[in-house]
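> For reference, the chains in residue letters:
Number of protein chains: 2
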Amino acid sequence: MVNYPDGRKARPAEHKTGAGGRGMELEKEINLTNSYYLDTDRAVIHKKPTPVTIVKVDYPMRTAAKITEAYFKVPSTTDYNGIYRGKYLDFEAKECASKTSFPIKSIHEHQIRHLDSVIRHGAIAFVIVRFTVYGETYYVDAGEMNSYIRTCGRSSIPYKWFQEHGILIPYNYVKPVDYLQIVDQRFFKENAND
Amino acid sequence: MVNYPDGRKARPAEHKTGAGGRGMELEKEINLTNSYYLDTDRAVIHKKPTPVTIVKVDYPMRTAAKITEAYFKVPSTTDYNGIYRGKYLDFEAKECASKTSFPIKSIHEHQIRHLDSVIRHGAIAFVIVRFTVYGETYYVDAGEMNSYIRTCGRSSIPYKWFQEHGILIPYNYVKPVDYLQIVDQRFFKENAND
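Protein chains in written order, with our numbering: chain G, 53 to 246; chain X, 53 to 246.
A hint or two may mislead.
Any copy will do: because identical chains look the same in the list, a pair fits if it lies in one copy or spans two.
[Claimed, not checked] In silico DSSO-like pairs for lysine-lysine, Cα to Cα no more than 27 angstroms straight-line:
hint, residue 1, residue 2
1, Lys-146, Lys-80
2, Lys-80, Lys-108
3, Lys-146, Lys-108
4, Lys-80, Lys-151
5, Lys-118, Lys-157
6, Lys-108, Lys-241
7, Lys-108, Lys-139
8, Lys-80, Lys-125
9, Lys-151, Lys-125
10, Lys-118, Lys-146
11, Lys-80, Lys-100
12, Lys-151, Lys-241
13, Lys-139, Lys-118
14, Lys-139, Lys-100
15, Lys-99, Lys-118
16, Lys-212, Lys-139
17, Lys-108, Lys-125
18, Lys-151, Lys-212
19, Lys-157, Lys-212
20, Lys-118, Lys-100
21, Lys-99, Lys-139
To be clear, the hints were calculated from the coordinates, so they are not data collected in a lab.
Work the whole structure out from these sequences, hints included.
Here is the structure:
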């Protein structure tokens with residue numbers, strides 16, 4: 053298991069299995085982290101609502117409008133964005149159940165293009181990938197990952213690549229996915245220990 | 053009718069009525085404008101999906117998952133955000149059918165608080181209000197509008213206030229709500245004529 057630079061262990065073992073692996077655990081933990089950032093006024097970062105095409109809505113008397121037919125849409129952007137220290141921040145998050153590699157198709161082509169374009173405009177852009185088997189959550193620069201995807205000629209990114217190019221995101225009870233700690237290290241070095 | 057600083061007339065009269073007033077025209081026009089900004093790589097600004105709580109999903113064989121029960125949620129942020137010239141940009145857009153005033157309740161308390169908080173973090177934040185009767189679409193600084201809302205002791209903002217404090221957004225066939233022109237004037241003066 054890879055440890056953090058300061059010698060702490062990676063994510064506690066009891067988090068390795070359990071509710072994780074159903075693909076929602078990472079999302080919940082990021083939402084908790086974002087709520088903490090919001091409550092402490094550190095950053096304003098939200099998950100975008102799931103995009104759906106609404107086809108039919110009923111308006112029953114005296115009760116709320118009820119959507120009775122709708123379909124999931126392919127997202128045209130990433131799931132998360134917001135503002136941190138005056139900078140636009142944008143990221144996508146994915147869980148990966150494989151021990152050996154992350155399937156590139158987990159990230160939509162649209163999302164890759166979106167990340168490229170916000171980078172061009174000056175964003176802090178990254179991808180969070182959790183290998184559920186190892187209980188490890190990596191921060192990866194979106195630009196670095198996109199250029200790997202474009203040149204690798206493979207359908208997946210090896211786990212080893214994340215070990216070499218990613219940065220482990222520390223786990224913390226109130227900030228389960230404290231990605232801003234990595235953003236501070238990468239972009240605001242003078243305040244890395246906030 | 054108020055004209056633009058350069059003497060052009062406000063929105064053409066044929067846009068004053070018609071499909072407008074059903075509350076979706078402004079949204080469509082902003083989406084068109086955002087697509088134009090995106091296609092020309094000028095900015096990356098998207099409308100967030102409508103937030104819904106999904107209660108029931110059917111998975112019919114061989115066809116896409118179908119949502120059969122869902123409800124609209126009160127949004128916790130504004131509808132639009134993105135990046136422009138390296139800055140985080142955030143806004144809400146509303147149509148108003150009244151001739152005399154804009155009802156404050158059209159903007160959720162959550163959205164007002166969200167705008168306050170992104171301003172604190174350094175965002176360009178504003179509200180777009182269209183008076184459909186006049187065919188006029190105003191850019192209003194979110195900070196200025198929020199402080200008016202907090203101190204006015206009224207349930208609506210007079211039309212006159214928009215004339216005095218807002219800036220008319222020019223209409224253009226390819227950019228029906230060219231709000232970045234106003235953002236340039238307000239925040240990037242040296243390039244106001246891009």
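> All hints, please: hold or fail.
For each hint, the structure was consulted:
{"no.": "1", "hint": "Lys-146 / Lys-80", "in the structure": "within (12 angstroms within a copy, 31 angstroms between copies)"}
{"no.": "2", "hint": "Lys-80 / Lys-108", "in the structure": "between (29 angstroms within a copy, 20 angstroms between copies)"}
{"no.": "3", "hint": "Lys-146 / Lys-108", "in the structure": "between (31 angstroms within a copy, 24 angstroms between copies)"}
{"no.": "4", "hint": "Lys-80 / Lys-151", "in the structure": "within (22 angstroms within a copy, 45 angstroms between copies)"}
{"no.": "5", "hint": "Lys-118 / Lys-157", "in the structure": "between (34 angstroms within a copy, 22 angstroms between copies)"}
{"no.": "6", "hint": "Lys-108 / Lys-241", "in the structure": "neither (51 angstroms within a copy, 46 angstroms between copies)"}
{"no.": "7", "hint": "Lys-108 / Lys-139", "in the structure": "neither (39 angstroms within a copy, 38 angstroms between copies)"}
{"no.": "8", "hint": "Lys-80 / Lys-125", "in the structure": "both (21 angstroms within a copy, 18 angstroms between copies)"}
{"no.": "9", "hint": "Lys-151 / Lys-125", "in the structure": "neither (29 angstroms within a copy, 38 angstroms between copies)"}
{"no.": "10", "hint": "Lys-118 / Lys-146", "in the structure": "between (31 angstroms within a copy, 23 angstroms between copies)"}
{"no.": "11", "hint": "Lys-80 / Lys-100", "in the structure": "both (13 angstroms within a copy, 19 angstroms between copies)"}
{"no.": "12", "hint": "Lys-151 / Lys-241", "in the structure": "neither (33 angstroms within a copy, 53 angstroms between copies)"}
{"no.": "13", "hint": "Lys-139 / Lys-118", "in the structure": "neither (38 angstroms within a copy, 38 angstroms between copies)"}
{"no.": "14", "hint": "Lys-139 / Lys-100", "in the structure": "both (18 angstroms within a copy, 19 angstroms between copies)"}
{"no.": "15", "hint": "Lys-99 / Lys-118", "in the structure": "both (23 angstroms within a copy, 22 angstroms between copies)"}
{"no.": "16", "hint": "Lys-212 / Lys-139", "in the structure": "neither (31 angstroms within a copy, 35 angstroms between copies)"}
{"no.": "17", "hint": "Lys-108 / Lys-125", "in the structure": "both (15 angstroms within a copy, 16 angstroms between copies)"}
{"no.": "18", "hint": "Lys-151 / Lys-212", "in the structure": "within (10 angstroms within a copy, 64 angstroms between copies)"}
{"no.": "19", "hint": "Lys-157 / Lys-212", "in the structure": "within (18 angstroms within a copy, 53 angstroms between copies)"}
{"no.": "20", "hint": "Lys-118 / Lys-100", "in the structure": "both (21 angstroms within a copy, 20 angstroms between copies)"}
{"no.": "21", "hint": "Lys-99 / Lys-139", "in the structure": "both (17 angstroms within a copy, 19 angstroms between copies)"}
In the structure shown, a violation is registered for the earlier hints numbered 6, 7, 9, 12, 13 and 16, in ascending order.
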